[in-house]
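Just so you know, the sequences run in chain order A and B. In terms of the numbering used here, the first sequence is numbered consecutively and its last residue is 237. In terms of the numbering used here, the second sequence is numbered consecutively and its last residue is 465.
Please note that the accuracy of each hint is not assured.
Said to hold, decoys possible - Not close to chain B: a few residues of chain A, all C-beta gaps over 12 Å, as computed: (1) ALA4; (2) GLU8; (3) LEU36; (4) GLY46; (5) ALA49; (6) LEU51; (7) ARG87; (8) PHE102; (9) ILE132; (10) GLU133; (11) ALA134; (12) ALA137; (13) ILE183; (14) MET204.
What the hints assert, rightly or not - These stretches of chain A come out as covered by chain B in the derived footprint (C-beta under 8 Å, 3 or more residues): (15) 67 to 73; (16) 77 to 83; (17) 110 to 122; (18) 187 to 193.
These aren't lab readings, by the way, just hints derived from the structure by calculation. C-beta atoms are modelled at their ideal positions from N, C-alpha and C, and glycine is treated no differently.
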Amino acid sequence: MNWAIIFETKNLILFGNGIVTTLGLLFSSLAIGAVLALIFALLLTGPSALLRWIVGAYTYIIRGTPLLIQIYLIYYGLGQLEWIQARWDTVWPWTHFKEPFFCALLAFSLNTAGYTAEMLAGAIRETNPGEIEAAQAFGMNRTQIMLRIVLPSAMRRTLPAYSNEVVMMLQSTSLASAVPSMIDITAAAGRIYSDYYLPFEAYMAAAAIYLVATFCLIGVFRLLENHFLAYLAPRTH
Amino acid sequence: MNDYYIAILQGAVLTVGVSLLALLVSIVLGLLGAGAKLSGHPTLVGLATAYTTVVRGIPDLVVMLLVFYGGTIGLNHLLEAMGSHATVDINPFLAGVLTIGFIYGAYMTETFRGAILAIPKGQMEAAWAFGMGRTQAFLRITAPQMVRYALPGFTNNWLVLIKATALVSLIGLKEMTYLAKQASAATRSPFAFFLFTAALFLVYTTVSLYALRKLNDRYSLGSKRVQL
Numbered sequence: 001m002n003w004a005i006i007f008e009t010k011n012l013i014l015f016g017n018g019i020v021t022t023l024g025l026l027f028s029s030l031a032i033g034a035v036l037a038l039i040f041a042l043l044l045t046g047p048s049a050l051l052r053w054i055v056g057a058y059t060y061i062i063r064g065t066p067l068l069i070q071i072y073l074i075y076y077g078l079g080q081l082e083w084i085q086a087r088w089d090t091v092w093p094w095t096h097f098k099e100p101f102f103c104a105l106l107a108f109s110l111n112t113a114g115y116t117a118e119m120l121a122g123a124i125r126e127t128n129p130g131e132i133e134a135a136q137a138f139g140m141n142r143t144q145i146m147l148r149i150v151l152p153s154a155m156r157r158t159l160p161a162y163s164n165e166v167v168m169m170l171q172s173t174s175l176a177s178a179v180p181s182m183i184d185i186t187a188a189a190g191r192i193y194s195d196y197y198l199p200f201e202a203y204m205a206a207a208a209i210y211l212v213a214t215f216c217l218i219g220v221f222r223l224l225e226n227h228f229l230a231y232l233a234p235r236t237h
Numbered sequence: 238m239n240d241y242y243i244a245i246l247q248g249a250v251l252t253v254g255v256s257l258l259a260l261l262v263s264i265v266l267g268l269l270g271a272g273a274k275l276s277g278h279p280t281l282v283g284l285a286t287a288y289t290t291v292v293r294g295i296p297d298l299v300v301m302l303l304v305f306y307g308g309t310i311g312l313n314h315l316l317e318a319m320g321s322h323a324t325v326d327i328n329p330f331l332a333g334v335l336t337i338g339f340i341y342g343a344y345m346t347e348t349f350r351g352a353i354l355a356i357p358k359g360q361m362e363a364a365w366a367f368g369m370g371r372t373q374a375f376l377r378i379t380a381p382q383m384v385r386y387a388l389p390g391f392t393n394n395w396l397v398l399i400k401a402t403a404l405v406s407l408i409g410l411k412e413m414t415y416l417a418k419q420a421s422a423a424t425r426s427p428f429a430f431f432l433f434t435a436a437l438f439l440v441y442t443t444v445s446l447y448a449l450r451k452l453n454d455r456y457s458l459g460s461k462r463v464q465l
């Protein structure tokens, strides 16, 4: 055991950079994924059968294949297509496909959007019919009912499932280390392993960081649930 | 070009092998964990809680790398300390099966615990009244009914487990993801190979989903369904 090396300034900085990359990937993919998920969920519960089918097929494929393969498809696969090769030197947005961070971010965002869309669509479908009838009785139209009644309640009810998804996403970001030149927490540990031949210490340190991050996220979501789902809690007095 | 597709198909056999063996390990660990959590014995409950909390808080990939690389060095240090000069290499197949089994054992523990708790208490009391022992009551009363309650969670865990087997390619097991990556490097046409592998995974998850749905129908026979 040689824990002193982990705590050398150089290696602490390496892990620090890893944490910044991991959290950056996590929060940006969650933000992009949430916007996409909202659109997809509205399409999944919307009136158009064709759009329902297309989005349904999308979430089915995203949820049925490993994230690692989705990352490989975007990072290695898209770069092979001549259509993109012809554009990625000059034409925005294709220039980004040369950057590993962008490719990882795209893969994570599309992935979390697929899972979150299904959760949100489920919550929208389970909205109490009485609430919608009441809104119709008030003379609200479809958009108004969505914005004022269904979405605020459905988003709250998705919170417990979404907290699981966020924790899963944090752990999934470790796959970014499979993309060369990305230094997230796992890749930082990998570098310390190869520099000092200390795999046990390096990966244990990474595991500890992930564990702390997981507990922090769970704590934050517990606070959010106490706040936003207080009206659903059983009566205590 | 075609040879690569055939190689990936052969890799698929390995993927199925890793996932099924890992499933077996995870079911055993899950049953042990659920038993420990429900035993009421403070040490056992503490151990099982630590197991499920820690494992579910760390990425699968990190656990896998820790077991594969850390475990190899640990074993070799141990052998050296015992005065042996032999060095061992952990087989990636075994490491993959054991780590995936170990990780999903934690998820199975929670699924099985919930399923056992969902069985009405009176059932157990009736079994005791009939004079059944612990083992008999488990095999005759708990296990068959548990399947009904555990199947939805089990299905989810199984689908996630299948997808986790792609990670074993990162510790060098030549399953389909690994072979697809190798084929891409050799032919410089990664898109088709990764798409093919993704399709194979989709077939695997679809077939599993279909089979487990049939099983679910079989086990839900006789349970009341309420129509809203």
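Is the claim that ILE132(A) lies outside the interface with chain B correct, judged by CB distances over 12 Å?
Correct as stated: the minimum Cβ-Cβ distance to chain B is 15 Å, above 12 Å.
Verdict on chain B covering the region 110 to 122 of chain A, where coverage means 3 or more residues with a C-beta closer than 8 Å
Our answer is that it is violated, as 0 residues pass the Cβ test (under 8 Å) against chain B, missing three.
Hey, does LEU51(A) actually stay past 12 Å from chain B on C-beta?
With a cut-off of 12 Å, LEU51(A) remains clear of chain B, as the shortest Cβ separation is near 21 Å.
Using Cβ atoms and 12 Å as the threshold, tell me whether ARG87(A) really stays out of contact range of chain B.
16 Å, holds
Beyond 12 Å from each Cβ of chain B, as asserted for MET204(A)
Nearest chain B Cβ is 7 Å from MET204(A), so the label is violated.
Beyond 12 Å from each Cβ of chain B, as asserted for PHE102(A)
17 Å, holds
Whether ALA49(A) stays farther than 12 Å from all C-beta atoms of chain B, as the label says
22 Å, holds
Is the Cβ of ALA134(A) farther than 12 Å from every Cβ of chain B?
For ALA134(A), whose nearest Cβ neighbour in chain B is about 18 Å away, the distance exceeds 12 Å, so it holds.
Count residues of the region 77 to 83 of chain A with a Cβ under 8 Å from any Cβ of chain B, then say if the count reaches three.
With 5 residues close enough to chain B, the hint holds.
Assertion that ILE183(A) lies farther than 12 Å from chain B (Cβ)
15 Å, holds
Please confirm whether LEU36(A) is truly not at the interface, meaning its C-beta sits more than 12 Å away from all C-beta atoms of chain B.
Holds, because the least Cβ-Cβ distance between LEU36(A) and chain B comes to about 20 Å, which exceeds 12 Å.
For GLU133(A), is the shortest CB-to-CB distance to chain B above 12 Å, so the non-interface label stands?
15 Å, holds
The structure fails to meet hints 14 and 17 from the earlier list, while all remaining hints are met.
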